[in-house]
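Chemist: So you can see what is in the structure, the chains are spelled out below.
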Amino acid sequence: MSVALREPGAVIEQEPIRSRRGIVWQAIRRRPSATVGALVLLVIVLAAVFAPVLAPYGLHEQVGPVFGPPSWQHPLGLDDGGIDMVTLLMWGARISLIVGFAATLVSMVIGGFVGVAAGYFGGKVDTILMRITDYFLVIPDVPLMIVVAAIWGPSLFHIVIVIGILLWTSTARVIRAQVKSVRERVYVKRARALGAGHMRIVFRHVLPQVAPLLIANTVLTIAVAIFDETALSFLGLGDPSRISLGKVIENAFERAAISTGAWWAIVPPGALVAVIILSCSLIGGAIEDALNPRLRVAHLSARSFRLRPLVGRSPESV
Amino acid sequence: MRGANYVIKRLVFAVLTVFIAVTINFALFRLAPGSAVTNLARVPHATPEIRLALKRQFGLDKSKWQQYVIYLQQLPRGNLGISFANSQPVSSNLRTALINTLPMVLLGTIFAIVLGTLTGVLAAWRRGTAAESATVTTALGFYSMPTHWLGLMLVILFAGVLPTGGMSNEFLINPPFWAHVKDLAEHIALPSLTLGLVLYGEYTLIVRSAMLETLGEDYVLTARAKGLKPWAILRRHALRNAMLPIATLVALSLGYIVAGAILIETVFSWPGIGRAVYDAVLQRDYPMLQGAFLLLTISVVFFNLVADLLYFKLDPRITE
Amino acid sequence: MSALLELDDLHVWFDLGDGGELHAVQGVSLALDAGQRLGLVGESGCGKTTTVLGLLGLLPPSASVSGRVLLNGENILAGGEETIRPHRWNDLAIVFQGAMNALNPVQTVSAQIVEALELHHSSSGRAARARVAELLEAVGIPRDRGDSFPHEFSGGMRQRAAIAMALACNPSVLVADEPTTALDVMVQAQILELLDALCRDFGLALLLVTHDLPVVAQLCDRAAVMYAGEIVEQGPVDALYHDPRHPYTRLLFAATPDLQGNGVPISIPGAPPRLDRPPQGCPFHPRCDRVFSPCPTKHPPLRRLDGEREAACHLNDVPAGVTR
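Line by line, the protein sequences give chains R, Z and P. Residues 140 to 457, numbered by the numbering used here, are exactly what the first sequence covers, in order. Residues 22 to 341, numbered by the numbering used here, are exactly what the second sequence covers, in order. Residues 783 to 1106, numbered by the numbering used here, are exactly what the third sequence covers, in order.
Honestly, I wouldn't trust all of these hints.
[Said to hold, decoys possible] Partial pick of chain Z residues on the chain P-facing surface, computed with a CB cut under 10 Å:
| no. | residue |
| --- | --- |
| 1 | R148 |
| 2 | G149 |
| 3 | A151 |
| 4 | S154 |
| 5 | L242 |
| 6 | P251 |
| 7 | L265 |
| 8 | A268 |
| 9 | L270 |
| 10 | P337 |
Quick caveat, the hints were computed from the structure, so don't treat them as lab data. All C-beta atoms, glycine included, are put in the ideal place defined by N, C-alpha and C.
Could you put the whole structure together from the sequences, leaning on the hints where they help?
Modeler: Here's what the structure looks like:
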């Protein structure tokens, strides 16, 4: 890109992200693995959202024997209650995704707030908030979730809150770093000099810059939230009145699906969770990489520079 | 001593964090509503004498604040109460459980580190090729699998070939040494393999990222300009420098592994710390739960400290 | 008589992500005799560093190279990495920019110099450590500082250490890529003096890459001016200053502040062209103050002028007085 005409004293402004709108879409489109992941995720979400309409059978409808094997009418077989697995998966994905999104929302709100406050105000506020974050980081999440679920009792609401409370730390850190760098940019300083209030600056200038990274972090957090929910359900701490994918696995495990040889009751739900988490990871990773400005030249690599045949002699002397 | 300041700061932070963890632990378990959780003396099948002794030891009839102080005093003595489930001291239960967990976790972690490093270096070395994308996607794939589900898959795959439950065969009475070793090895295989597979993906990504960083550094160009062969540069300059972030991130992850082992031990009925937590939840064995949670939190703090000190040791630039 | 080091029609292309190509170096030819000093000058991005990296075979995998690099008559570029590597450090050594992280931060300075010595079998063990002490002294670093880490040195001392390392295997050519650019003015002068003394004492040929003309004037006999990947003028430094045959050369010298305060330094308006879409005609013509009819359409070839000079400008084809 050509360098702007320089006059002594001119300030080179770093371009605000307004011109980089759509960077999230770009990042996903550019990387094939992320595009595939996004499409797959879309399909799954749609299937889950429209489960009441799309599911081939009823959620509580017994259509065959316990652990009935896969057949043409039931490509994934039946579970321990004779219920069609495909139906179960669709409804299960619904709950799992709801928990994932809700917990992520909680963590995003907390983490975003903490991160913006710490990054924007700096100083004492920053130190205190970061100390708190550090302490939260140290608490092992799965045990804490187990303990809280055990003490408070399992319910969807509790699960969501517990997961959300544990996941906000990574969001906070990421946001804080980004806010700090944005705060120093010329146009933000100018807005402050012109007397714009803090809230206005945060919403108009800081947040749009922070948005792409926040999106990446959100997607990755959803993945972790779903994983955590699956783990909790497996340990018997999930909401007993709702069927999530984790619950499907737990039911099968409890009812000795393995010794009965009913692999179809266990493999598909876990595979679906894995696919959801993988898709989220690919998408989030693609966005993060796109935002990372450090494109390092590999000074060392398996391949080497290539040789080409001689171009032709340079013009002779007069 | 170089960076004595740094070491002391990290130590203080660790101690402070343990203190806060202990406090949170107390808050969670003793301040919960209802006495089912908070009453440590409600050990079923315990004699009235034991109940009374516990009441006195933990000051269960005193104010919450006094209980807190007593709790802090009892901790260094290793007194964590009596388990509701087997009426044994929580600390000895935990000790046994920890001893059972460690070999399995260690094996799995070593496997994960070795495999992760190999694949991570490969991915960075062959950057931009199909090999790299395949390696990274596979790593992500395994990383995305729910731990317990992967364990169950391995059970399905290997049922009949390898034992899928417990630490050893209870029906083997007084087996000869090698038979015993073989039996233990067979039992530890699947759980540690599960752990290894779930973990390695994260390490692949860490190693790859660290290697890509170092491979782009100027001193790698200098090494190349000096005439060093690629392998020598990789080993002596790239890998050696990448060890910094790798070692610290690995050390950090160790703290959480013990927590993740909960799922594996549940699937494979492995009598370790994770299983202890699960059983404690099932049986509402609150003293055990409290003790286990404390132990897990302290292990995370411990490994964080190890990570900090490792970083300090490996990087000569830290002096403050 | 063949020169010690010769670049013959060197081209370097870089692959761009979307299938395009950047023609970073376009047919550069240079010659360096033993003990001679050549300055390679130009703005940032003109391709001088790429040229030098290409000559040492240090380009990334996204690069393609053509041309010949003749070391004592032998084309070391012929087999790519494999034919170049044996000559690295033994014959051709390089010192990078001072700001770069050119020294490994987790190894001591002497360990890194010993690595070079042992690699090329110059010496090992105790002999190597003695040689390291010798080298450090030659560049003005106290012997006992060898066991320090790079971050414990100041910028200037780090650069000296890098120079000491470059000399370790007695090369015949020393390439210096912007060796003083990131240093303080005082330190700059010291490093330049050091380079001057070392090249003289050890009979080294010097290829100095820089955008800083006074540096070239101080150290070099000859200079080659690069613009947009090409050499636009080459010749003795004095001649380039007093009688430039390319408008860019003239403007470059005019843009350099004169300590005596004569005249106002002017900046050259505009910007260098994009190298992924080769422009028509002379690459400098949009910014040239002497542009005339053939410039926008016909690319001026690099023509040999009297004796040791070359220039690529249509003005040299026209008898003086016609276009003034």
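Chemist: If a hint holds in the structure, say so; if it does not, say that too.
Modeler: Here's how the hints hold up against the structure:
Residue-level restraint check for R148 of chain Z holds (minimum Cβ-Cβ distance to chain P is 9 Å; threshold 10 Å). Among the interface hints, the one on G149 of chain Z holds; its C-beta lies about 8 Å from the nearest C-beta in chain P, closer than the 10 Å criterion. For A151 of chain Z, the shortest C-beta to C-beta distance to chain P is roughly 15 Å, which exceeds 10 Å, and the interface hint is violated. Interface hint status for S154 of chain Z: violated, as the beta-carbon distance to the closest one in chain P is roughly 16 Å, over 10 Å.
With its C-beta approaching chain P no nearer than about 6 Å, L242 of chain Z sits inside the 10 Å limit, and its interface hint holds. With a least beta-carbon distance of about 9 Å to chain P, the hint placing P251 of chain Z at the interface is held under the 10 Å criterion. The closest approach between the C-beta of L265 of chain Z and any C-beta of chain P is roughly 8 Å, which is under the 10 Å cut-off, so the hint is satisfied. Annotation: interface hint on A268 of chain Z violated; nearest CB of chain P at approximately 12 Å, more than 10 Å.
A distance limit of 10 Å between C-beta atoms decides the matter here; for L270 of chain Z the minimum to chain P is near 17 Å, and the interface restraint is violated. Because the closest C-beta pair between P337 of chain Z and chain P is about 5 Å apart, less than 10 Å, the hint holds.
Violated hints, in rising order: 3, 4, 8, 9; the structure is consistent with all others.
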